[in-house]
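Since chain A is already given, all that's left is putting chain B on it; use the hints.
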Amino acid sequence: SQTIHQWPATLVQPVGSPLSLECTVEGTSNPNLYWYRQAAGRGLQLLFYSVGIGQISSEVPQNLSASRPQDRQFILSSKKLLLSDSGFYLCAWILSPWTGGYGYTFGSGTRLTVV
Amino acid sequence: AQKVTQAQTEISVVEKEDVTLDCVYETRDTTYYLFWYKQPPSGELVFLIRRNSFDEQNEISGRYSWNFQKSTSSFNFTITASQVVDSAVYFCALSEANAAGNKLTFGGGTRVLVKP
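Read top to bottom, the protein sequences are chains A and B.
Every letter in the first sequence is one number past the one before it in our numbering, and letter 106, counting from 1, is 106.
Quick note: to get our numbering, add 1000 to the position in the second sequence (first position is 1).
Extracted from the complex, chain A is given alone in its bound form:
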């Protein structure tokens, strides 16, 4: 069966420090991968998505970047965190090509607080 892992679960980082959040999927190959962010009390905003190794599409210009060094690994990074980067980060995946047969599966999320 397929599973998705995200870590760490919580993170407190000072302003200006780097960030690396990792997401891995098991039990499948060539998934579409997504990074979402949820600011406190807000909705879910798509940050990046990837349809293959090394292929990254950015939805919102910001202080973050994403990489996909392996088929089932998706990394969210920042060189220097801002206070506005605080939020709940969720990774998700679907099979590719997706024919709509099922829902998107989300990881358990990383709660990032920038202080």
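Calculated from the structure, these hints are not laboratory results.
Check before you lean on any hint, since a few could be wrong.
[Claimed, not checked] One side of the interface only, derived from the structure: several residues of chain B facing chain A at Cβ under 7 Å:
id	residue
1	1045
2	1047
3	1050
4	1055
5	1084
6	1101
7	1102
[Claimed, not checked] Pulled a few chain A residues facing chain B out of the computed Cβ check, cut under 8 Å:
id	residue
8	7
9	44
10	51
11	57
12	98
13	103
14	106
15	108
16	111
On a predicted model such as this, the values are computed, not experimentally measured, just so you know.
A virtual CB, placed ideally from N, CA and C, is assigned to each residue, including glycine.
Then chain B, alone, in the frame of chain A:
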């Protein structure tokens, strides 16, 4: 571009009352998929239902029911006889079959508070 609107930001009910969450969507694609997710206080997203654009049948699952109406671009969600455990944020979402990357776009969410 795809868009999902959940006009209700917060709904408060007393246990055993019914509650209906509204969802209105916009899309130019003829093939698309609609979803509802539940986000309890712990934060994880729990998948509730998926509906494709060709299936307008309403669906009932226990105390949950969904009303999909293409004519009004709505996909509303009703919780019957609400319970305290239903307290959560509920998100409606849309994915277009032909959109690059099959992106999933969320509405702003509706917070449901069920009081005992």
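Hints and how they fare:
1. 1045: holds, 4 Å
2. 1047: holds, 4 Å
3. 1050: holds, 5 Å
4. 1055: violated, 11 Å
5. 1084: violated, 21 Å
6. 1101: holds, 4 Å
7. 1102: Where the cut-off is 7 Å and the nearest Cβ of chain A is about 5 Å from residue 1102 of chain B, the hint holds.
8. 7: violated, 14 Å
9. 44: OK, holds: residue 44 of chain A within 8 Å of chain B, min 4 Å.
10. 51: holds, 5 Å
11. 57: holds, 6 Å
12. 98: With a minimum Cβ separation of about 5 Å from chain B (threshold 8 Å), the hint on residue 98 of chain A holds.
13. 103: Nearest chain B Cβ about 4 Å off; hint holds.
14. 106: Since the shortest Cβ distance to chain B is 4 Å, the answer is holds.
15. 108: This hint holds: residue 108 of chain A lies near chain B, its Cβ roughly 5 Å from the closest one there, short of 8 Å.
16. 111: holds, 7 Å
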